[in-house]
Amino acid sequence: MAELDTSGGGGKKGKKVRSKKANTKVDLTAMVDLAFLLITFFMLTTSLSKPIAMDIAKPDKDDNSVERLAVRESETMTILLGKNNKVAWYMGIPSASNAPTVESFADIRKSILNNKKKVADATGGRQIIMVIKPTSGATYKNFVDIMDELAITKIKTAPAIDDENILDSEKDFMKQAGIL
Amino acid sequence: MPRAKVQRKSTSIDMTAMCDVSFLLLTFFILTATARQPDPLDVTIPSSTYKLKVPDLDMGILSIGKGQVFYEIVGKDIKMSTLDKMGEKYSIKFTPEERERFGVIGAFGVPIGSLKQFIMMDGEKRTKFQETAGGIPADSTNNQLAEWILQSRTSVAELHSTQMRVSIKGDANEEYPAVKKIVDILQKQKINKFSLITSAEGGAE
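Here the protein sequences come in this chain order: V and H. Counting in the UniProt record's numbering, the first sequence runs from 1 upward without gaps. Counting in the UniProt record's numbering, the second sequence runs from 1 upward without gaps.
In isolation and in its complexed conformation, chain V is listed as follows (with noise of 0.2 angstroms):
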């Protein structure tokens, strides 16, 4: 092995001069302990840093060669995105006496699951419409979160965002309820 000879030049007179066996083993423990803090933080930061994409497409606006069908407005569920991380959520056509019910994020699941249940028992199994409107008071960060709540509640039509068309009752209700 390549070592060094270093002990000091023969031991005793008269005797072979026997070169001293110096230990060879190294202590790694440190080497190891240092190999794995950066294999941690390679893997945590390769993995955590990669970020998702999540598509979105949204309808055309200039496009009028399709020919746009009416949907069924018992089967439609409209949720307008408010400030203060509110939704305010609604079946149908609002009015009087189908006031949206505003909720907070943390609730909406349950109410999309709910809706989506009662429209599939009602109607033998057919799929809820969504329509995502986020206002001037919603942050980015609703409108993610709103999409993410209709894939993980398993949506499976397309949801219609509509940030155009606000309607009036909408605006009003969402003003009164101090979320607009």
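Any given hint might turn out to be false.
[Stated by the list, open to error] Within a straight-line C-alpha distance of at most 16 angstroms, the following computed EDC-like cross-link-like pairs (lysine to aspartate or glutamate) qualify:
(1) H:K180 to V:E164
(2) H:K188 to V:E164
(3) H:K193 to V:D162
(4) V:K83 to H:E175
(5) H:K188 to H:D139
(6) V:K61 to V:E164
(7) H:K180 to V:D162
(8) H:K181 to V:D163
(9) H:K66 to H:E131
(10) H:K190 to V:D60
(11) V:K175 to V:E103
(12) H:K51 to V:D55
(13) V:K58 to H:D184
(14) H:K193 to V:D55
[Unchecked claim] Computed list of chain V residues with no C-beta within reach of chain H, every gap over 10 angstroms:
(15) N114
(16) L167
(17) G178
Hints were generated in silico from the structure; no laboratory data involved. Even for Gly, the Cβ is constructed at its ideal location relative to N, Cα and C.
Given the coordinates of chain V, work out where chain H should sit on it, guided by the hints.
Coordinates of chain H only, in the frame set by chain V:
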């Protein structure tokens, strides 16, 4: 009765194999890790439970935050080709050196007028300059952002013969109208499908 002697064993273990393995893994992770360009615009992206990974090729990434827009084109060849096209459009001549330097720039957010100056700066100055530059102008009168997107899309189509994917990296607390403004620009170019970049969230309960 003689006492049973407990034999003392050495507590040191041979670490060589463990050391080998750990360094092998370390080397692997270092080599596979891709250096991430620092984002000039401080953006906290919202999280989602989506599982689709962002592709690494043929992408344009729009960062939106603090009312500013930064644009990042992925791929050196695409960047250089886009710069040529933009130069033509705004009649600014870029030297080969400037093209080369622009090819390795990450996200940028300066008006095209000061782009030449911006390219020749070094890293630190660039960051400072961008803080005051105010992003890429995207008003209806001076819509340079739309032009950048259009030219990079053309470049991707020419060089790689695929469609460019447009991704939006928005700050979580950005107001929705600011995002809508950018989306409207995209929709004007008939980009109705785009991806929102989010960070991974643990499985939803």
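So, going through the hints one by one against the coordinates:
| no. | hint | result |
| --- | --- | --- |
| 1 | H:K180 to V:E164 | holds (10 angstroms) |
| 2 | H:K188 to V:E164 | holds (14 angstroms) |
| 3 | H:K193 to V:D162 | holds (14 angstroms) |
| 4 | V:K83 to H:E175 | holds (9 angstroms) |
| 5 | H:K188 to H:D139 | holds (13 angstroms) |
| 6 | V:K61 to V:E164 | holds (10 angstroms) |
| 7 | H:K180 to V:D162 | holds (11 angstroms) |
| 8 | H:K181 to V:D163 | holds (11 angstroms) |
| 9 | H:K66 to H:E131 | holds (11 angstroms) |
| 10 | H:K190 to V:D60 | holds (7 angstroms) |
| 11 | V:K175 to V:E103 | holds (15 angstroms) |
| 12 | H:K51 to V:D55 | holds (11 angstroms) |
| 13 | V:K58 to H:D184 | holds (10 angstroms) |
| 14 | H:K193 to V:D55 | holds (7 angstroms) |
| 15 | N114 | holds (17 angstroms) |
| 16 | L167 | holds (17 angstroms) |
| 17 | G178 | holds (17 angstroms) |
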